[in-house]
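Residue numbers (numbering that gives the first Met the number 0), protein chains in the order written: chain C, 0 to 203; chain P, 0 to 165.
Wrong hints could be hidden among the right ones.
As the list claims (entries may be wrong) - Not everything, but these chain P residues come out facing chain C in the computed CB check (under 8 Å):
| id | residue |
| --- | --- |
| 1 | A8 |
| 2 | L9 |
| 3 | S24 |
| 4 | V41 |
| 5 | S50 |
| 6 | A52 |
FYI, nobody ran anything at the bench for these hints, they're computed from the structure.
Even for Gly, the Cβ is constructed at its ideal location relative to N, Cα and C.
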Amino acid sequence: MGLLRLLPRPMLAPPREDRELAAAARAGDEAAFAELVRRHQGGVRRCAARILGDDEEGRDVAQAAFVRAWENLEKYDPAWSFSTWLYRIASNLAIDVLRSRDSRDRTHQTHFRLVEDSETPRAPERLAEAEVQRIFAELAERLTPAQRAAFVLREVQGLSTAEVAEAVGCSEATVRNHVFQARAVLRRELARRYPEYLPRGGGR
Amino acid sequence: MKACSEVLALGERFVALELEPDLESKVRDHLAACSTCRAALVATEPALAVSLALAAVPPDEDERFVGEVLSGIRQRRLERQTRGRRRWWLGVAAAAAVAVAGSTATFLRLHGGATSPAVVAESLEPTEPALVEVEGEGVRLYQLTASSPGGGDVQVAFVVDPGLEL
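Chain P extracted, bound-state conformation (with noise of 0.2 Å):
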């Protein structure tokens, strides 16, 4: 802590921001302690009124806000073990819907190409989503057709999380 004539007589250089950081936090100390000096030096920088106002304000701490930065970094970590496990997943996903595409195309060229998405869905009779195990863990697999025979011939497979009900 200095003394008051030694902050005042600092006081040109600090409002210029041309002091050493050590003497600096020096004179810093002593404002915010003294309301003279405080004035002196707002009379030749008023918006130094602002400044030396808002760094008095003490700020805020608790132990909550350590808890929720934990919480954080944990449902970051999180997060990015599960997007590792979606993209494992997406291949698979990936794999089984080629291979899905691929005996599907098979069977139309054996039975004949002009029959209808349904028909064909009719001729696997998927009556319940076919369980793989991926890692331990279930993965349904299913097949999406067009629901009436003139409803078009688009074909989809999806893997998903077993959790999911489509």
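Chain C on its own, in the form it takes in the complex (with noise of 0.2 Å):
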């Protein structure tokens, strides 16, 4: 056991620079704090904004966390990715937002808000991409916050199911059974509610 906890773990070790800009920051330097906001923020902010389904809400989340990261760089451990360490403050401050309001109001506001984000003119590209943050903003009402932060992480911002684990604070097994879980209520609220988007034969 305490030989196991030597061995480094190569899949998860950070880009040295954020460590060393983490150790910086511990320090006071608010300028390497800066640096590794600048680096990972569309990361977080991303997460955030589709655990919530509300890019607007994300983005006070994602500002929140690294508030709260800077106050608590003390307990950051460096074995861990630096980014992992993030989604992990963000995912659970999401998590909390979204079981302290009230989900029916905030999904209907929020679809409000993206559909008419989605009338003004846009490049196409842009408008795929509102399409598809609206209708997973949809798809993901019927989510657990658990699912929703396991399937976001796992499946949109391709943490590995390690960093997952460690970021929601459950095992490996568990963010398999959550992400397996959302899949299977997106594709059958896919099948529902958006036919068009699935492909001919039906998939499973």
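Build the complex from these two chains, which are given one at a time in their own frames, with help from the hints.
As structure tokens, then:
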């Protein structure tokens, strides 16, 4: 057990730059932390926005996650990548928000806002983005907060199962379970609401 | 970047979440650029239509967000400092309140317990709140009493930020 703990975790090792920046930030270097924010803001914001189904709320949660990370830098374990640690903070904050809000009202507000966005003239690829985000926000209404977090981190952000387990605070088996359940719900809801997006033949 | 044949051969393990992270990352890179392989995998797992499309959306990045985070950090630091100072002031306030209450009680004992709070206030003649210095800053000491002789016997002392007006 002791030996195992001493072995490096090559697949989970963060880029050296992140670890160095985190150490500098821990010593009070704001510029180093700003670089970490610059580097990871895209992923963290997207993760929070997908879990919440709301870009604006996702931005607020991501901001709160970075501030919390700064305040808790002494708790960061360099054995894990800095981004995994950030995703853990952000997904936990997003799950808290999700559990505390009236999901029905929020989903409707999100739906209307995204519909409004998609009605403004935009480039075709942006329209496609808005469409897929709107559909996911709508379908994700059927997922539990844990399923949403696991699905977004594993399937959208592309984190490894081990990293998602660390971020969400559960076992790898539970992460797989959440992802498979989320997929099943999305398959069912896609078939019911958006059959045109399903491949001909219906897949599974 | 892998060839289509390699990616399709790994498709089943990709869907089952069984690929090693490095290998999965290469498959994801390929899927991001190859609509044929994407369609093939979506045919086996329709939910991938959503996740792969979401993964392809470029993340928003802007310098304004970085500035907002740094402002948030400074704001929290300021709040912590203010809270610390407020705690210190509250200690001073509690001590001052005890001192005022004690001296008032002594005054009442010496001049008769029947004296109303309003009379006490008149006796002390607090025309201006006392100003004391704490950490180089002025702090006003207020004493509130009942406004009429029959209005009760409640007395409260406050130490407040001189920037605030009662």
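Evaluation of the provided hints:
1. Evaluation of the A8/P hint against chain C yields a violated restraint, the C-beta minimum of about 19 Å exceeding 8 Å.
2. Here the hint on L9/P is broken, as its CB sits about 15 Å from the closest CB of chain C, past 8 Å.
3. A least Cβ separation of about 7 Å between S24/P and chain C falls short of the 8 Å threshold, and the interface hint therefore holds.
4. The beta carbon of V41/P is positioned within 8 Å of a beta carbon in chain C (closest approach about 6 Å), and the interface hint is therefore held.
5. At about 4 Å, the closest approach between the beta carbon of S50/P and any beta carbon in chain C falls short of 8 Å, and the interface hint on this residue holds.
6. Checking A52/P against chain C: minimum C-beta separation of about 4 Å stays under 8 Å; hint holds.
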